[in-house]
Structure formats: structure tokens, C-alpha cells
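> Take the given structure of chain A and dock chain B to it, following the hints.
2 protein chains.
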Amino acid sequence: MQETVKIALDAMGGDNAPGEMVKGAVEAVNARENIQVFLVGKKEAIEASLSDYTYPKDRLTVTEASEVITTEEAPVMAIRRKKDSSIVVGQTMVKRGEADAFISAGSTGAILVGGQLVVGRIRGVERPPLATLIPTVKGVALLVDSGANVDARSSHLLQFAKMGSIYMEHVIGIKKPRVAIVNVGVEEEKGNALVKETFPLLKECQEIHFTGSIEAREIPHGGADVIVAEGFTGNVILKLYEGLGSALIGKIKGGMMSTFRSKMGALLVKPALKETLKEFDATEYGGAPMLGLNGLVVKTHGNASAKEVKNTIFQCVTFKEQKINEKIKELFTEKPENK
Amino acid sequence: MQETVKIALDAMGGDNAPGEMVKGAVEAVNARENIQVFLVGKKEAIEASLSDYTYPKDRLTVTEASEVITTEEAPVMAIRRKKDSSIVVGQTMVKRGEADAFISAGSTGAILVGGQLVVGRIRGVERPPLATLIPTVKGVALLVDSGANVDARSSHLLQFAKMGSIYMEHVIGIKKPRVAIVNVGVEEEKGNALVKETFPLLKECQEIHFTGSIEAREIPHGGADVIVAEGFTGNVILKLYEGLGSALIGKIKGGMMSTFRSKMGALLVKPALKETLKEFDATEYGGAPMLGLNGLVVKTHGNASAKEVKNTIFQCVTFKEQKINEKIKELFTEKPENK
Numbered sequence: 032m033q034e035t036v037k038i039a040l041d042a043m044g045g046d047n048a049p050g051e052m053v054k055g056a057v058e059a060v061n062a063r064e065n066i067q068v069f070l071v072g073k074k075e076a077i078e079a080s081l082s083d084y085t086y087p088k089d090r091l092t093v094t095e096a097s098e099v100i101t102t103e104e105a106p107v108m109a110i111r112r113k114k115d116s117s118i119v120v121g122q123t124m125v126k127r128g129e130a131d132a133f134i135s136a137g138s139t140g141a142i143l144v145g146g147q148l149v150v151g152r153i154r155g156v157e158r159p160p161l162a163t164l165i166p167t168v169k170g171v172a173l174l175v176d177s178g179a180n181v182d183a184r185s186s187h188l189l190q191f192a193k194m195g196s197i198y199m200e201h202v203i204g205i206k207k208p209r210v211a212i213v214n215v216g217v218e219e220e221k222g223n224a225l226v227k228e229t230f231p232l233l234k235e236c237q238e239i240h241f242t243g244s245i246e247a248r249e250i251p252h253g254g255a256d257v258i259v260a261e262g263f264t265g266n267v268i269l270k271l272y273e274g275l276g277s278a279l280i281g282k283i284k285g286g287m288m289s290t291f292r293s294k295m296g297a298l299l300v301k302p303a304l305k306e307t308l309k310e311f312d313a314t315e316y317g318g319a320p321m322l323g324l325n326g327l328v329v330k331t332h333g334n335a336s337a338k339e340v341k342n343t344i345f346q347c348v349t350f351k352e353q354k355i356n357e358k359i360k361e362l363f364t365e366k367p368e369n370k
Numbered sequence: 032m033q034e035t036v037k038i039a040l041d042a043m044g045g046d047n048a049p050g051e052m053v054k055g056a057v058e059a060v061n062a063r064e065n066i067q068v069f070l071v072g073k074k075e076a077i078e079a080s081l082s083d084y085t086y087p088k089d090r091l092t093v094t095e096a097s098e099v100i101t102t103e104e105a106p107v108m109a110i111r112r113k114k115d116s117s118i119v120v121g122q123t124m125v126k127r128g129e130a131d132a133f134i135s136a137g138s139t140g141a142i143l144v145g146g147q148l149v150v151g152r153i154r155g156v157e158r159p160p161l162a163t164l165i166p167t168v169k170g171v172a173l174l175v176d177s178g179a180n181v182d183a184r185s186s187h188l189l190q191f192a193k194m195g196s197i198y199m200e201h202v203i204g205i206k207k208p209r210v211a212i213v214n215v216g217v218e219e220e221k222g223n224a225l226v227k228e229t230f231p232l233l234k235e236c237q238e239i240h241f242t243g244s245i246e247a248r249e250i251p252h253g254g255a256d257v258i259v260a261e262g263f264t265g266n267v268i269l270k271l272y273e274g275l276g277s278a279l280i281g282k283i284k285g286g287m288m289s290t291f292r293s294k295m296g297a298l299l300v301k302p303a304l305k306e307t308l309k310e311f312d313a314t315e316y317g318g319a320p321m322l323g324l325n326g327l328v329v330k331t332h333g334n335a336s337a338k339e340v341k342n343t344i345f346q347c348v349t350f351k352e353q354k355i356n357e358k359i360k361e362l363f364t365e366k367p368e369n370k
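Residue numbers (my numbering), protein chains in the order written: chain A, 32 to 370; chain B, 32 to 370.
Careful: at least some of the hints might be erroneous.
Identical copies go unnamed one by one, so any copy, or any two together, can satisfy a pair.
Calculated pairs, DSSO-like style, for lysine-lysine (alpha carbon to alpha carbon, straight line, at most 30 Å) [stated by the list, open to error]: (1) K74 / K126; (2) K113 / K221; (3) K74 / K206; (4) K358 / K169; (5) K282 / K207; (6) K114 / K169; (7) K113 / K227; (8) K221 / K88; (9) K221 / K126; (10) K309 / K207.
Keep in mind that the hints were calculated from the coordinates and are not lab data.
In isolation and in its complexed conformation, chain A is listed as follows (with noise of 0.2 Å):
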């Protein structure tokens, strides 16, 4: 028989808290039976919003939390105050051992300062990055660190990479993950002091396959599988994937309805291109993991869908069936040296 998998979902986070968290989690555990879902928040939204549905009730249950964290709020503050927000009550049943994860759509900062200060991390774990899965023309890049960590060091780096290549190899299922450094150019004398200084341990190091040093460009064309940046390059290589792509995406409507005879193209393209762009679409891909605490906190979109919940409850049994904080663990466990 399979495990069940207890997931702490933040039913108040994002933008279209407490519905689309609510309707992600009832489809998750009627897929799926392995799987057991509490709903962490106000009692009385959660409730209501429920009882559009059908789904078992021995595996979908309310946790009250009666406060919020909005994302106006400064997050060390806020974790250390707000003591009954659904971030703080939901990572408190991970650190417990009530849940195996936390989802959230809410306050990114908050999620993060929670997931170290509530949650805790691996022991040896020196910063827990987030991962953010990124589409590519061949498929999808796993970025490590997309934000959680600025001014991060070339220690934390070289975890980022090793941590990264665990997740991209069991969650995601590629053999062998290329695993690149982002830079200014692929020669070896290229690159700001970080870079400089983490390309060596890169290379040197044994459990990674460490393909160099990739430049932006060729990430959107599938240079490497994991990209490991330092957290704020991270951030802005993330959040300009998100504004270019729209940006684009905007032009090309824009310019499909410029004419008539365009217009008219417009019509006979549109169900082939939807196709298309939605490869290229994040949401498709869950959430981004936050590697290495004792447990599993994945933030989801701040504009998450139900279909992105669900999927994110799914990325949260894979993470738990593949035991990838058991492999991170144990790449951070110093080993007796038998030599």
C-alpha cells in the first residue's frame, strides 16, 4: 500500500484565496487517494468555499489559522508576530511532523523567513535556495537560486548546484542533469568575482555534472538543465522570463489584429499557438521548492490557478516517494573517510 502524503496548503495566500486553493485541493485528493490535504485558514471562508464540492472528508480537513500575512508586510516581522497566520500555523505542522509539505501562494518573503525560521534547515545546509522550474524549447531548466538568497556565497552556490541536480534528477526525471553557472561568457577567464570563485568547486565537485559556465542567452534554448545563479542574478533572470514573455506574447496579439487580412489569420492560427505557448508557460510546472529544510515548503504563483495547486500537491508526493531531503541529507552528512 502507498504512504499517504499530508500536505498543509495555505488556503489564504495569492490572489485567488481561498477559491482556487480550495478547488486545487479537492481534485488533488480526488485523483489521487494517497493523498491528504489541510486546508490552513479561516475556518468560516474555507467552509463555504468547500461546500461547492464532493470529495472525502477523512482526507480534506480545515486547520483554523485566524490570521493573514499580506505581502505588504515586512516577512521577519511578520513570521515573528503573527503567531496564528496560516504561514506560520502551516509550517509549524511540517516542522511537528504533521505534514510532509507547506504550499503557499502568499507572501514570498514570509514563506521564505518561515521556511528557515519555523521550519528549519538540513543540518549542513548553509542557505535553502528556491528552485524554479523555467520553460525552455526543449522542455524545462531548473533555476537555483531564483531569489531567496541575495549576496550568497560560493559555498551556498555549490550547494545550490548539488541540491538542484537531486531535485532536477528524481522530481523531474532527467538522468544526469547539465548543471551550468550563469555568466557574462562561457571562457573560463570570464565572470565577476563570484563566478570566479565558484567555477572551480563547480568543476572539482563529484556528485554534479558540471557542464560551465552558461550565458543568458542560451538558457531559453535548453543550454543546461540546472542553472545555478546567485540569488538576486536568479531573481532578475526569473521575473524578466515572466515580463518579456508577456511583453511578446502582447506585440504578437497586437500585431495579429493590425489588419483584417491579419484577422483573419488570427482565427486559423490561434488553436495551434495556444499549444504552443503553453509549453512556455510557468504555471504549467508547479511550484518552486525551497531545498534543504527538514521538510518541504513549495511557494506556488502569486496568481496560482486551482490547476497549479493541484499540480504543486502532485510535485509534493514525488518530492516525498523519491525521499530527495533523505538524498540531500545525506549529501550534507559528513562521511567518515574510509582512505
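Then chain B, alone, in the frame of chain A:
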């Protein structure tokens, strides 16, 4: 009478040299009477290209340079050793005042190093940045620094902002350009150490119209006119712009060709779409000037066409006519305290 603007053009640089370089120069001198171009490089090859065209012989001449610096060579070494290369010869003409500007599609590294070592900085300018125009849905924005200085400091970024503002206002013609710094959030407490140190300097600066932080997501949507970034970050932005644009357009073309119906539509949509995408094509906007030098040095794309070369020559004319360097000099000259 208009003053003649003298341009030293690297005829040997880039993928399409000397053909497209020569063609662009011919078109420029034929279009405007106040332009003089020196084609710098191997006489024989340049003259073979030139023989195809009719042009005013007194305003388009060849300056011999027997060596070529390739993109594979280490820039500092190449500039020091290849004294008779088209880059060193052309930049020396600027240094001596024999030319107002030097344009090259060759090795970016060598052009930047030569700019500093051969042409030299304006007194007071600490680090000359590369300023690249990038397309947005509203027009263009100036990305400064797009890669000349990695690990730049806050005082450098402040200078980038000032020089970028002058360029945007007087060459591109945007009154009171909005200056923003690339950041991971728009709240004032957000950022890495460099941004946190630079932010107050920009805020207090009287010579620019600072609007605060900009997230990378907003750059393609036209959120600012002058985008201030440290060179590593700026280079990542520039290259991701190129890579994501080409990846998405490739995807869209593929999508349009996927079904019979969509192929028919593609034929109708194509002309309008081509026009729209041209607006998002960086090569339409000429080259990237290195700001803050004693003379003008402009880098064009490695695959620059005659059209881009011609546009870049016109851009140099505007730069001279608008007295950009005089304005920069004025900015960095210590003013006697009058208070």
C-alpha cells in the same frame, strides 16, 4: 554650414566584414553630406568591396591596418600586442582627434579595453559603461551598464545613471528620462548590498529623475527610460532579452506550422507580424556607445548588417551634434563652491 562628423569604422570586425561594413558606410555618406568615413582595415579587401559602389571619394577613404583582433583573443593582451589592428588604429584616430567616433562590430572585450587604454576616460569618470538601447512595448530603454564593468561599485552606478540620462535626453530625445535601478522588489528595504548602497545616492542626485527600483519584469513593459544595473546583471538582462526573444519567436513560428489550418493562417498573419516584431528588434536601434570616453566608441552587434552600420553612423552624428561629451565633462568637472 554643418560641421563634418568624422567616423573611423572598423571594416574588419563582425561576422559580415568587410562587405556589410563597407555597404553601410557607402549608404551613410551618400545619404548625408556632413559625414566623413575612414574604413579601417586591410586595404585590399576593403577596396575590393568598395569597387561595387558609387560614392564621394573625398568623404569615404581607406586607412590601412594590417592586423585583426579576433573574438577568441584575450582582450588586454590583444590591444597591447596588435598595435596595427583595425581596433587599435581606429581608436588611436579618435584619441588624436582625427576622428570623432570609432565604430566596430568586432570583439566586445577588445573594444572596451581599447576604449579605456587607447581612447581614455573623461576626467572624473571612474568606469565607462556600455549603454545599450533595448526595445520595450512603449519604445526603447537604455540599459546601462550592459556589461563593461562587472563588480562595479555604487559610485560607478551613480555615474552610469547620470551619463545614461544625458544620452537618453539628447540623443534619443526623451525629456526628463525616468531613471530606475534594477532590483528584486520595489520596496525600499529590498535589494542586495550594492543596490541598498546605491539607492540613496540616486535618490539624492539632483541631475536625474530617479523613480526608484524596477523589477526585471517591468523592463520590457517600458517601466523606465534609463535602466541602471551593475555590469554582470546588465549583461544577463541584455543576453536573456536576445535569447528569450529568439526562442519565443521560434516557438511561435513552429506553432503556426503545426497544422494545415494554422499554416493557412500564418500566410495571412505574416506581413503584419513581421512589422510588429521589427519594433522588438534590437538591431533597429544602432550600436551601444561606451559612455564617458574622450571621444566616442560604439559597439555594434557582431552580426551587424549594412543598415545597422548606417544607423550607427547617424547615431554618432547626433552624439557629436548634441555635444554629449561636453555635457558629460561639465557634469564631472568639480564646480567651485558658490554658496
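> Within a copy, between copies, both or neither: which one fits K74 and K126 at a CA-CA cutoff of 30 Å?
within (22 Å within a copy, 74 Å between copies)
> Measure nothing new, just compare the shortest in-copy and cross-copy C-alpha distances for K74 and K206 to 30 Å and report within, between, both or neither.
Answer is neither; intra-copy 43 Å and inter-copy 54 Å both fail.
> Between the shortest in-copy and the shortest cross-copy C-alpha distance, which are at most 30 Å for K282 and K207: within, between, both, or neither?
Cα proximity of K282 and K207: across copies only (26 Å, versus 38 Å in one copy).
> At most 30 Å between CA atoms: does that hold for K113 and K221 within a copy, between copies, both, or neither?
between (46 Å within a copy, 21 Å between copies)
> At most 30 Å between CA atoms: does that hold for K309 and K207 within a copy, between copies, both, or neither?
within (27 Å within a copy, 40 Å between copies)
> If the cut is 30 Å between Cα atoms, do K221 and K126 qualify within a copy, between copies, both or neither?
between (42 Å within a copy, 28 Å between copies)
> Measure nothing new, just compare the shortest in-copy and cross-copy C-alpha distances for K114 and K169 to 30 Å and report within, between, both or neither.
neither (44 Å within a copy, 45 Å between copies)
> I want to check one pair: K113 and K227. Are their C-alpha atoms no more than 30 Å apart within a copy, between two copies, both, or neither?
between (42 Å within a copy, 27 Å between copies)
> Go through the copies and call it for K221 and K88: within, between, both or neither, with a Cα cutoff of 30 Å.
neither (58 Å within a copy, 43 Å between copies)
> When Cα atoms must be at most 30 Å apart, do K358 and K169 count as within-copy, between-copy, both, or neither?
This pair counts as within: shortest intra-copy Cα distance 27 Å, inter-copy 48 Å.
Going through the hint list in order, the structure does not satisfy hints 3, 6 and 8.
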